[in-house]
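Q: Spelled out, the chains give:
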Amino acid sequence: EAGVVQSPRYKIIEKKQPVAFWCNPISGHNTLYWYLQNLGQGPELLIRYENEEAVDDSQLPKDRFSAERLKGVDSTLKIQPAELGDSAVYLCASSSGGISYNEQFFGPGTRLTVL
Amino acid sequence: GNSVTQMEGPVTLSEEAFLTINCTYTATGYPSLFWYVQYPGEGLQLLLKATKADDKGSNKGFEATYRKETTSFHLEKGSVQVSDSAVYFCALIRGGNDYKLSFGAGTTVTVRA
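Chains D and Z are the protein sequences, given in the same order.
Taking this note's numbering, I'd label the letters of the first sequence as residues 1 to 115.
Taking this note's numbering, I'd label the letters of the second sequence as residues 1 to 113.
No lab work stands behind these hints: they were computed from the structure.
Treat the numbers as computed from the prediction; the structure is a model and nothing was measured.
Every residue, glycine too, gets a C-beta built ideally from N, C-alpha and C.
Check each hint, because a few of them may be wrong.
The following label-pair restraints were derived from C-beta to C-beta distances [unchecked claim]: (1) D/44 with Z/30: 18 to 28 Å; (2) Z/69 with D/15: 45 to 55 Å; (3) D/111 with Z/8: 21 to 31 Å; (4) D/20 with Z/100: 23 to 33 Å; (5) Z/20 with D/18: 43 to 53 Å; (6) D/113 with Z/100: 22 to 32 Å; (7) Z/14 with D/52: 48 to 58 Å.
Computed list of lysine-lysine pairs in DSS-like fashion (alpha-carbon distance at most 30 Å, straight line) [unchecked claim]: (8) D/62 with D/16; (9) D/71 with Z/100; (10) D/11 with Z/100; (11) D/78 with Z/100; (12) Z/100 with Z/68.
For reference, chain D alone in the conformation it holds in the complex (with noise of 0.2 Å):
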């Protein structure tokens, strides 16, 4: 069974650029999430999917962040512009979902570079 599948694995770009990530989850997997992962700490929750409605984005930055989950299987995100601080690895996530805890499912990450 395939993983979660990100896309790119790394990206670098220059400040107010605009850059966008790939996901896509387990296949089956209704429950989707973005996660940020700055050097040295551990992931950070930005948004969670429940097939195509964003369930909880009140970490999402929504000035220059945004995201969606079209047909309620990829999942894009996207930073416009980017800023320097927003150098850091872009997780993807997936779960069956359902009201009690399932596994989550990583994929690899992007690592994202600002210059």
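The hints should help you fit chain Z onto chain D, whose structure is shown.
A: Coordinates of chain Z only, in the frame set by chain D:
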């Protein structure tokens, strides 16, 4: 709020040495506790978990016991291998139907042959 504090790294060990990574937590209610591992170039993987007090999670020779009286969930392995070199994260989910993982900062472990 929920928080997890884990031992700072990096930790460097020789093969067959004993490994302990300390983890303590602050949370309301009755959280579930987890250890995740991130091998070089790979995504986070669930290593083990415990959902109630005194539960012991175990996997791949690693163990951790949920200690409510000391709010701790220390990770141990009796004899490490080079392949155990990774970053280890302690995490929790608050009880009930909470889904939000709260992670510690991670501990980098390097095992030398």
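Q: Please go over all the hints and tell whether each is borne out by the structure.
A: Comparing the hints with the structure gives:
A hinted range of 18 to 28 Å holds for the C-beta pair residue 44 of chain D and residue 30 of chain Z, which are about 23 Å apart. The hinted window of 45 to 55 Å between residue 69 of chain Z and residue 15 of chain D holds, with their beta carbons roughly 49 Å apart. Distance hint check for residue 111 of chain D and residue 8 of chain Z: the Cβ-Cβ separation is about 23 Å, which falls inside the suggested range of 21 to 31 Å. As the Cβ distance of residue 20 of chain D to residue 100 of chain Z is approximately 24 Å, the hint placing it in 23 to 33 Å holds.
A hinted range of 43 to 53 Å for the beta carbons of residue 20 of chain Z and residue 18 of chain D is consistent with their spacing of about 45 Å. One distance hint, 22 to 32 Å for the beta-carbon pair residue 113 of chain D and residue 100 of chain Z, holds here, with the actual separation near 27 Å. Between residue 14 of chain Z and residue 52 of chain D the beta carbons are some 51 Å apart, a value that agrees with the proposed interval 48 to 58 Å. A C-alpha spacing of about 16 Å is found between residue 62 of chain D and residue 16 of chain D, which places the hinted pair at or below 30 Å, so the restraint holds.
A distance of roughly 23 Å separates the Cα atoms of residue 71 of chain D and residue 100 of chain Z; the hinted pair therefore holds under the 30 Å criterion. Pair hint residue 11 of chain D plus residue 100 of chain Z holds up; C-alpha atoms about 27 Å apart against a cutoff of 30 Å. Distance restraint check for residue 78 of chain D and residue 100 of chain Z: the Cα-Cα separation of roughly 22 Å lies within the 30 Å cut-off, and the hinted pair is therefore satisfied. With a CA separation close to 20 Å, the supplied pair residue 100 of chain Z and residue 68 of chain Z stays within the 30 Å bound.
Violation of the numbered hints given earlier is absent; every hint is satisfied by the structure.
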